[in-house]
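We have chain A; now place chain B onto it with these hints.
So the protein sequences, as listed, match chains A and B.
For what it's worth, the working numbering labels the leading residue of the first sequence as 10, then goes sequentially.
For what it's worth, the working numbering labels the leading residue of the second sequence as 8, then goes sequentially.
Hint data in this document are derived by calculation from the structure and do not stem from the laboratory.
Nothing here was measured: the structure is a model prediction, and the numbers come from that model.
Be careful, since some hints might not be right.
[Claimed, not checked] In the DSS-like style, the derived pairs of lysine-lysine whose C-alpha atoms are separated by at most 25 Å in a straight line are:
no.: 1; chain 1: B; residue 1: 109; chain 2: A; residue 2: 46
no.: 2; chain 1: A; residue 1: 31; chain 2: B; residue 2: 48
no.: 3; chain 1: B; residue 1: 109; chain 2: A; residue 2: 66
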Amino acid sequence: GENVEQHPSTLSVQEGDSAVIKCTYSDSASNYFPWYKQELGKRPQLIIDIRSNVGEKKDQRIAVTLNKTAKHFSLHITETQPEDSAVYFCAPGNTGNQFYFGTGTSLTVIP
Amino acid sequence: GAVVSQHPSRVICKSGTSVKIECRSLDFQATTMFWYRQFPKQSLMLMATSNEGSKATYEQGVEKDKFLINHASLTLSTLTVTSAHPEDSSFYICSARDLAGKRYNEQFFGPGTRLTVL
Numbered sequence: 010g011e012n013v014e015q016h017p018s019t020l021s022v023q024e025g026d027s028a029v030i031k032c033t034y035s036d037s038a039s040n041y042f043p044w045y046k047q048e049l050g051k052r053p054q055l056i057i058d059i060r061s062n063v064g065e066k067k068d069q070r071i072a073v074t075l076n077k078t079a080k081h082f083s084l085h086i087t088e089t090q091p092e093d094s095a096v097y098f099c100a101p102g103n104t105g106n107q108f109y110f111g112t113g114t115s116l117t118v119i120p
Numbered sequence: 008g009a010v011v012s013q014h015p016s017r018v019i020c021k022s023g024t025s026v027k028i029e030c031r032s033l034d035f036q037a038t039t040m041f042w043y044r045q046f047p048k049q050s051l052m053l054m055a056t057s058n059e060g061s062k063a064t065y066e067q068g069v070e071k072d073k074f075l076i077n078h079a080s081l082t083l084s085t086l087t088v089t090s091a092h093p094e095d096s097s098f099y100i101c102s103a104r105d106l107a108g109k110r111y112n113e114q115f116f117g118p119g120t121r122l123t124v125l
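Looking at chain A on its own, in the form it has when it is part of the complex (with noise of 0.2 Å):
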């Protein structure tokens, strides 16, 4: 399967910072791009997806960017709440086909 990693593993901002995870994949032929975030024993929620024919998208506090060439994107959330703490997992696919997990960053927020 494809190899998907991210960086950080785990990561502590204070509230109201801005956190940035980043996620490479090897498989070029990836068109669908989303970030999920997972709150402990729940399932894994869509919050943000992007596909290969745009480079950036934002929703209020978050934001996806996409860089296809070096197979590279990367989860923005800005204006950190507390409830924002959770693992977040990309899973970049190809339409059609599987969709492989990265590796997960934890995320925590100080009030």
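Just chain B, lined up with the frame of chain A:
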């Protein structure tokens, strides 16, 4: 729309028994479903792709005779963990894709099943 359910949510069984987990798409037809396993503090690991009316495609390292997958209808896939052992204890999550809908790229997740093997 695009709701996926899983049953049971929790199961505790004795070593050597078999456990069946159901994954249903409630408001759409899912020709493809995925089964993942997640150990504590780890990522979701894809186990297999379940295709309606045909054999499942297993990921490397996943024993197909131990993890039996059946996708007999467009709304139901089942995962049976045969002869379960303590090392099979994990969080099992299914997902489905609504290829006929507008959100065809996405996968919609079930709530997961916590399996504990004693």
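Hints and how they fare:
no. : hint         : verdict
1   : B:109 - A:46 : holds (22 Å)
2   : A:31 - B:48  : holds (19 Å)
3   : B:109 - A:66 : holds (18 Å)
Going through the hint list in order, the structure satisfies each hint without exception.
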